[in-house]
Structure formats: structure tokens, C-alpha cells
Amino acid sequence: MTAPIYLDHAASTPVRQEVLDAMAPFFDMRFGNASSTHRWGRESRAALDDARDRIAACLGAHPDEVCLTSGGTEGDNLAILGAWRALRGAGRIAVATSVIEHKAVLAAMHHCAAEGASERMIPVDATGIVSLSHAREMIAPDTALASVMWVSNEIGTIQPIQALAEHAKSVGALFHTDAVQAFGKVEVDARKTPFDYLCISGHKFGAPKGSGAMFIRRGTPLEPLFFGGSQDRGRRPGTENVAFAVGLATACELTLSAHVREHARLTALRDRLQAAIVAAIPDAVVHGRDAQRAAHILNISIPGTDSESLLIALDLQGIACSGGSACQSGSVMPSHVISALGVPSTIAAGAIRMSVGSLTTDAAIDRVAELFPKLALRARGHAAA
Amino acid sequence: MSGGVDSSVAAALLVRDGYDVVGVTMKLFDDGNELPDRPCCSLDSTSDARRVCERLGVPHYVLNMVDHFSRDVITDFVAEYARGRTPIPCVRCNTFTKFSDLVAKADGIDAPLVATGHYARVMDGALHRGADDNKDQTYFLWGINRSVLPRLLLPVGNMTKVETRAIARELGFARVADKPESQEICFVPDGDYVKILRRELPADAPALSRGAIVTLTGEVIGEHDGFAQFTIGQRRGLPGGSAEPLFVVALRPDTRDVVVGPREALLGFGVVATEINWLVADAPHVGSEVQVRVRHRAPLVGARVTRLAGSEIELALDAPISAIAPGQSLVLYNGTRVLGGGFIESSRSATITRA
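Respectively, the protein sequence lines represent chains E and F.
Per this note's numbering, residue 27 is the first one in the first sequence, and the count goes up by one each step.
Per this note's numbering, residue 192 is the first one in the second sequence, and the count goes up by one each step.
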């Protein structure tokens, strides 16, 4: 088989060499506990402080506004449950989120509802953009917290975070955004956009799995999820992972420094792939094509196919994509995001996400542009009744 | 691949023989988290199948077939009990899910062959009983489309279960080598199928409502909590105190009666089956002498075809068989060769003289 092609950068990315190099000393002689007062501790503390400064700079934040986490799921849970639990006694009874959120947000919101919150689900329009008119009704003076993702992890649509955050602020509700797919793809700047919490995940842009950060604006309440030491101002007790903090800071800087060039390159690759598939299969449905999309995500349904079979056929040819969201057993379930666009269930069941990134070359796109339509048309010919 | 020993060894034998193997596990129902570790279909079993494939160096996928399985197997399972019959879901799973839907999935990836861990053999395009008479699974395979047979590989069909387990141990599949047999129906937790019926049927369904236990002469001797809890030949749940043991001999959904009688009343001298499917070109005709089986692992009994009409068949049995249950399979054999089968509609309690 020819070299396999990885088209799943929205799922994870390889750790960059510079990031590995930057982390290496902290697995070696600079192993100290950053809370220790001796030399080893001080050296780790210095590296941690420096990493936090650099991450903050990349987010337009003050260093004390950066809380280091294990990634997107932890950040989303900490922000949502932390905000709800801090505010629920103060007369704000509702939480609001969009129907296309990642499960980390949806499940945390459902947990708020189990704890007594009135849960409001903001719909999206057919292009995959959150309805601002609904959002303005649902995020109201009785609302403790609203959470809307910046970039959809499944279809790549860019949500109107500026308008949503400003609206939330105007009614006194806290606003969280899951920026896991947005960081490095759209401009994320806490000085320009008045979100109160924001989460990023390192492994989406060249840092290790298990690294991440939550922005929390100064003065914003937060009930911690963990209890223990006083690390991270008590927001996130536990011995700090200095190596991952350094790795995350390095990856953040590298990502932002290449943002303009990568944006143009990924947009061109994605658009070329999209055009080739649509040319070969004219009834292919490109989800979110009429909305502004982040450069790296292409989500396509081939009518008459199910994504499960097509994903297997692609994988057996060495092409890695994803579809829907994997359940615990590993089987593919129809995506709640595609279903929320109002497309028929037969179209939703065929959605395939391809996401380009650091590993994607022109030659890879040429090969996928040639193979994908062949495999899709064959899958269509053999679809089970 | 269920994660059990048979399909694991089947995959290993194919890899050994040089086939380009793709392992798949069918997710057939939502087990949530409430199921304990079961011989197949649980999360643990799926990961056992994955681990076997990892060891073999072949890809493994989980196919979500929940909707189709629910439509083709579970819905029928519930409807059959509601009609006072005893369904056999494994047959419908093989007919519709494994050897139809799964074969279509194989087509989608250009896989010309489909293999399973069944104890059965395909020889010259015909289905034969497995070499291990005690494990033979052809009782569940009669309903598959004949055109699929040339595409089937059944690598453990030539072996005994003991040999299969020995190979699993040789291969180092420690976790699967000594797993218990899966005896129960995979989607029925703890064998309590009534729980499934309560979930799927309305609360006032006749099958789950109180009714009378009556003798063959019409005498009411007790009450029951729903005829779906009874099957032909059952003794459990019947009132005691009679001179000779009583058995369920019939279920009457229209009156909700459970009819009981002595052991002799269970004897069937003939059997009628419907939805007949033939796996051979030379299907039997009226007058053909065959062997039949009306329950898994029962000895073969000689029989003569007395009537064939459309998809219905009637046979006279050379020796009576006890407790022939409508809804179960009737499978016809010629030696080891499986001729075909159908779903039992009724039994004849007296010798049939028509021919």
C-alpha cells in the first residue's frame, strides 16, 4: 500500500518536534515539584510561570487568567459546572447552550440540569450557525451561564461568538466558549471578545494529549471540581504538569506564528478536495458550505451511503477520516450535529469529516480526490436496505 | 467477531491461511451499562475481539447494526411471544443481520468472502452439519439466502469445540480460550426475556395479562400472569397436586388460556412449518424421505414430506417428538447436508395418513 494519509487533524495532531524538545528537560533533570521551595522546585516554578505567561499572551489574557487543565473535556466541565455551582444560589436558574456542542459541553450542561438548572438548547440554522434570535431569548436575565463553541468540531462552522458574548454580558449571564477547534484557526483574543471562560486543548495543535488550558476572566466566579492543594489558585489543585505547560506554551506560539500562512494553505487544500468530490459526485452534500468555516474541516454526506461502511473502505485504503462520534464500543452513531442541521436522517447517516492540517500535502489531496469518489460510489452501490 | 473463542480462532485460522482478514464486531443493541460481562455483545466482549485482531495484526471495526437488528430480530421476537409462540431470534439474526446486512457491508469494501465462527461446513456449495455433532449450529442457519453459501468461510466447522479451545490456547488467546459457552439469547439480560416483553409491549398486552390454566378437558385449575411466560413442554409455574406431572401443551392467545396435559399429550406425530427456505437445488417433494430436527441438539428423526404448498410444508414423523413448539425451527437434512427449513406452525398429535 502507498503511504497512509491522515485526514483527521480535528481528532488529534502529532506532537511537534520543537514541543518535544522544549518538554524534554522536565522529564529529566528539571523534574522538581513546582510547589517545592528548594532549587528543584524553584526551577520548575520558573518554567511554569514562564509557560503561563506565554499561553496568556497567546490568548490576550493576563497570566492569572490562565488555568492549566488536562484538555477540552476538563476545561468545559470546570467552566460550566464551576460557573453554575457558583451562581445557582444567586437567583439565576437557567443555563443555555447550542444543540451542536461537543459532548463535553452537552453532558456538563445536562449535569447542571440534574442539579436543578433549567436547560435551554439554542437551535442552529440549516447552514450550521447558532440562531442569534433564539440565543437572545434563551440567554436572559435569569441565566447563569451560556456556552457556545467557537468552531464546530464536526462541520467547522464559525459561530458568532462576539455577538453572543456581548449579549450574555448585557443580561449579566456568564459566557463560556469551547475554543478547542478555534485556537489557531480563528482569532481568539480575550481583549476583543468578552467571553468569561474559554477552553483550548493542546493535542489539536501539536502539544501532547492531556495538555490544555482554560481562560477565566479576572473576577469571574468558579467553584472548583477538585479539592486538595492550592495549585492554580485553588481552581485546579494537584501537582502541576510543568512539562505539558511548557509544551502547550510552545505549541501555542508556533501555531499563532504560522497562522496566516497555514490558514491560506489549509483553505486551499480543503477547497480543492471539496471541489473535486463535488465534481465527481454532484449530489454530495457539503455541510456548512453556506456559512463561514474554519479552514481545516470538510464534512460531506454522500446520499445513499452510510458513513460506517465508507470510513472502513477509506481506512482499508489507508485514508483516515471520521464520521459521527464514536461511542464507547467504537461503533459510529449518527451525528447529533448533522441531524441538528435539519437534513434527512439518511443524509446525516452518511456524513464523513475530513480535516486537513500539518501532515496534509498537495499529493495527499490529489490521491484522496481520486480515491474518495470511487469508494463512495461503490459504497453507494452496495448500501444495505 | 463476538469476542468469543469460536470467531477468534476462525479469524486466526484465516490469517494463518493467508487471507486478507478484516475483523468486524456487530453492535446489535444498546446495552447501556447495565449488562454484566456476558459471553458476547457486551463492551468487554467487543474489546476482547479488538484485542484478538490487534494480536493477529488485522484491522477491527465495530459495525452499528442496532436499528436493523431491532427491526428484523427484536421486534419479531416480541411479536412471536405476543402470539403465544416461542421465537428463535438467532435464526432471524443469521438470516437478516449476519448473512444479509453484514454481507452487504462486505460488498461495500469489496470483500468477496464472509467468515464466521459457526460450527457448520460448506462443501460444494451446500451447507453441512459441523464436524462436532454436539456443537453443530445448522439448526440456526437454514434461513440464509442460498446464493450466499459460496461466499461463506466457516473455519471451525471442521473442528470440535475441544480442538477450537486448544488452538486458542496455543495462539495465546488466554482471555477467550476458556470463556463459557453463550447459551442465552444475546439481548436478553440474565435470560429474563419477560423483562424485554414488559419493556416493548403495552402494559395491558394480553400476553402479559392474567389468564386461566386449563386442562385439555377445559377444567380451570389455576391462574397465570401472562401466557408469554410459558412455552410448550414447560412445567415450571404450573400448579402441583395432580396425580401425574402436568406440562404446557398449548397456548391460546385469543382466550389467554394456558392449556396443560400429561406427558403423552406433548407427543407430535407430524409437523407443519412455514416460511420454508431451501438451501439446495434438489428440494424435497411430497413423498421425499428426510431427517428433521425441531430443536437445537435434538437427535435427527426420520420424516416423510406429506404436503408442500407454497412456502408451507407438512411432514409425518417416523417416531413421535415431544413438545414441538410453534415459532421454533424445523430443519430438514439428508445426512449431514442441510436441505432447508422453516418456522414451526403446528404439530399433529395423531399419525397423519394423508399423502
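Any given hint could turn out to be false.
Unchecked claim - Have a look at the derived ranges for each label pair, beta carbon to beta carbon:
| id | chain 1 | residue 1 | chain 2 | residue 2 | range |
| --- | --- | --- | --- | --- | --- |
| 1 | E | PRO40 | F | VAL385 | 51 to 59 Å |
| 2 | E | THR293 | F | GLU245 | 34 to 42 Å |
| 3 | E | PRO30 | F | ASP395 | 51 to 59 Å |
| 4 | F | GLU375 | E | TRP66 | 57 to 65 Å |
| 5 | E | PHE53 | F | ARG366 | 28 to 36 Å |
What the hints assert, rightly or not - Selected chain E positions facing chain F (in silico; Cβ < 10 Å):
| id | residue |
| --- | --- |
| 6 | VAL312 |
| 7 | ARG404 |
| 8 | ALA405 |
| 9 | GLY407 |
Since the hints were made in silico from the structure, they are not lab data.
Think of the CB as a built atom: it goes at the ideal place given N, C-alpha and C, for glycine as much as any other residue.
Taking the hints in turn, this is what the structure says about them:
About 53 Å separates the C-beta atoms of PRO40/E and VAL385/F, a value consistent with the hinted range of 51 to 59 Å. The supplied range of 34 to 42 Å is met by THR293/E and GLU245/F, whose beta-carbon atoms lie about 38 Å from each other. Here the CB-CB span from PRO30/E to ASP395/F is close to 58 Å, well matched to the stated 51 to 59 Å. A beta carbon spacing of about 59 Å between GLU375/F and TRP66/E agrees with the range 57 to 65 Å that was offered as a hint.
Checked against the hint of 28 to 36 Å, the C-beta distance between PHE53/E and ARG366/F comes to roughly 33 Å, which is consistent with it. For VAL312/E, the interface hint is violated, since its Cβ never comes within 10 Å of a Cβ in chain F; the closest pair sits about 22 Å apart. With a cut of 10 Å, the hint placing ARG404/E at the interface with chain F holds, because the nearest CB-to-CB distance is about 7 Å. The interface hint given for ALA405/E holds, since its Cβ lies 5 Å from the closest Cβ of chain F, which is under the 10 Å cut-off.
Because the closest C-beta pair between GLY407/E and chain F is about 8 Å apart, less than 10 Å, the hint holds.
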